[in-house]
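Make the full structure from the sequences, and use the hints.
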Amino acid sequence: MVSSSVPSSPQPAAASSATAPRGRVPALFVSHGAPLFALEPGSTGPALHAWAQALRQRFPGLRGVVVMSPHWMARGAAVMTGAKPSTWHDFGGFPPPLYALQYPAPGAPDLAADVLGLLRSAGIAAEADAQRPFDHGAWVPLRHLFPEADLPVVQVALPAGVGPREVHAMGAAVRGLRDRGVLVMGSGSMTHNLSEFFGGTATARSLDYVDDFCRWVEAALQRGDTEALLDYRSQAPHAMRAHPGDDHFLPLFFALGAAGEDRVPHYLSREVMHGSLAMDAFALQADA
Numbered sequence: 001m002v003s004s005s006v007p008s009s010p011q012p013a014a015a016s017s018a019t020a021p022r023g024r025v026p027a028l029f030v031s032h033g034a035p036l037f038a039l040e041p042g043s044t045g046p047a048l049h050a051w052a053q054a055l056r057q058r059f060p061g062l063r064g065v066v067v068m069s070p071h072w073m074a075r076g077a078a079v080m081t082g083a084k085p086s087t088w089h090d091f092g093g094f095p096p097p098l099y100a101l102q103y104p105a106p107g108a109p110d111l112a113a114d115v116l117g118l119l120r121s122a123g124i125a126a127e128a129d130a131q132r133p134f135d136h137g138a139w140v141p142l143r144h145l146f147p148e149a150d151l152p153v154v155q156v157a158l159p160a161g162v163g164p165r166e167v168h169a170m171g172a173a174v175r176g177l178r179d180r181g182v183l184v185m186g187s188g189s190m191t192h193n194l195s196e197f198f199g200g201t202a203t204a205r206s207l208d209y210v211d212d213f214c215r216w217v218e219a220a221l222q223r224g225d226t227e228a229l230l231d232y233r234s235q236a237p238h239a240m241r242a243h244p245g246d247d248h249f250l251p252l253f254f255a256l257g258a259a260g261e262d263r264v265p266h267y268l269s270r271e272v273m274h275g276s277l278a279m280d281a282f283a284l285q286a287d288a
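In the numbering used here, the protein residues as written are 1 to 288.
Hints were generated in silico from the structure; no laboratory data involved.
Every value quoted in this text rests on a predicted model; they were computed, and no experiment measured them.
Please note that a few of the clues may not be correct.
Estimated spans, in silico, between C-beta atoms of each pair [unchecked claim]:
1. 219 x 75: 31 to 37 Å
2. 60 x 264: 19 to 25 Å
3. 106 x 53: 17 to 23 Å
4. 123 x 160: 28 to 34 Å
5. 207 x 150: 36 to 42 Å
6. 75 x 179: 27 to 33 Å
By construction, the Cβ of each residue, glycine as well, lies at the ideal position given by its N, Cα and C atoms.
Below, the structure is given as structure tokens:
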């Protein structure tokens, strides 16, 4: 379900300054589940919307969203720089109404330039991509968070072949954007076993392993054990079953890196859809 990159374009001009709200915007991790999440919100969709409404009340000058999705994998780090990204229905075999959905949020060339500059200053080679559309890992959860589609959005590619530490470093590189009114967000899945999802093998026993894995992650987040999370493949129960490939778990580390060490997880959802797709979503922020 991972989509390849489209050709990139040169870096835009340097960013102009923007007025940011006071305080540090939380970092956010969301599970985007299956594409049908756009039409079947369960309890997670309303929870995301309620959280986002409260966020906008707290930060009325919210500048935009920087999001990493596993459905944009590139040879290296890349940043969406277009002013009007299109909505990409990068999936097949779903009901026709899903393909009629659009998410017409504006891009943000100035914010994209800031992201590129921060990544490069941290020693992370990054390219600009002015043609990149929004993939469903971005626009599906954003439709629940900000249905008005009025906040500028910049996507960041997940570099192919990297691990948790490299993605964590990318999040850490853009951490300062949170002080400038930007929501930094990782969109993935807390569990992502597609053979079980498409094979219809999810059972009560599946729920047991899903819960074991999810609650191990939650406990590690609660105690601030970044090293355990970075080594989740070895330490988490059922890690290989929860994530036969780790692409959908890696965006968690983008949010974790952006959150820094002064973070406490505030869970928005612990829902499980389709028997095996955990929809865990949480904000990472300093405890009030």
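Cross-check of the supplied hints:
Between residue 219 and residue 75 the beta carbon distance is about 35 Å. The supplied range of 31 to 37 Å therefore holds. The hinted window of 19 to 25 Å between residue 60 and residue 264 holds, with their beta carbons roughly 24 Å apart. Distance hint for residue 106 and residue 53: a CB-CB separation of about 20 Å, consistent with the stated range 17 to 23 Å. Distance hint check for residue 123 and residue 160: the Cβ-Cβ separation is about 19 Å, which falls outside the suggested range of 28 to 34 Å.
Checking the proposed 36 to 42 Å range against residue 207 and residue 150 shows it holds: the Cβ atoms sit about 38 Å from each other. In this structure the hint that residue 75 and residue 179 lie 27 to 33 Å apart at CB holds, the actual value being about 31 Å.
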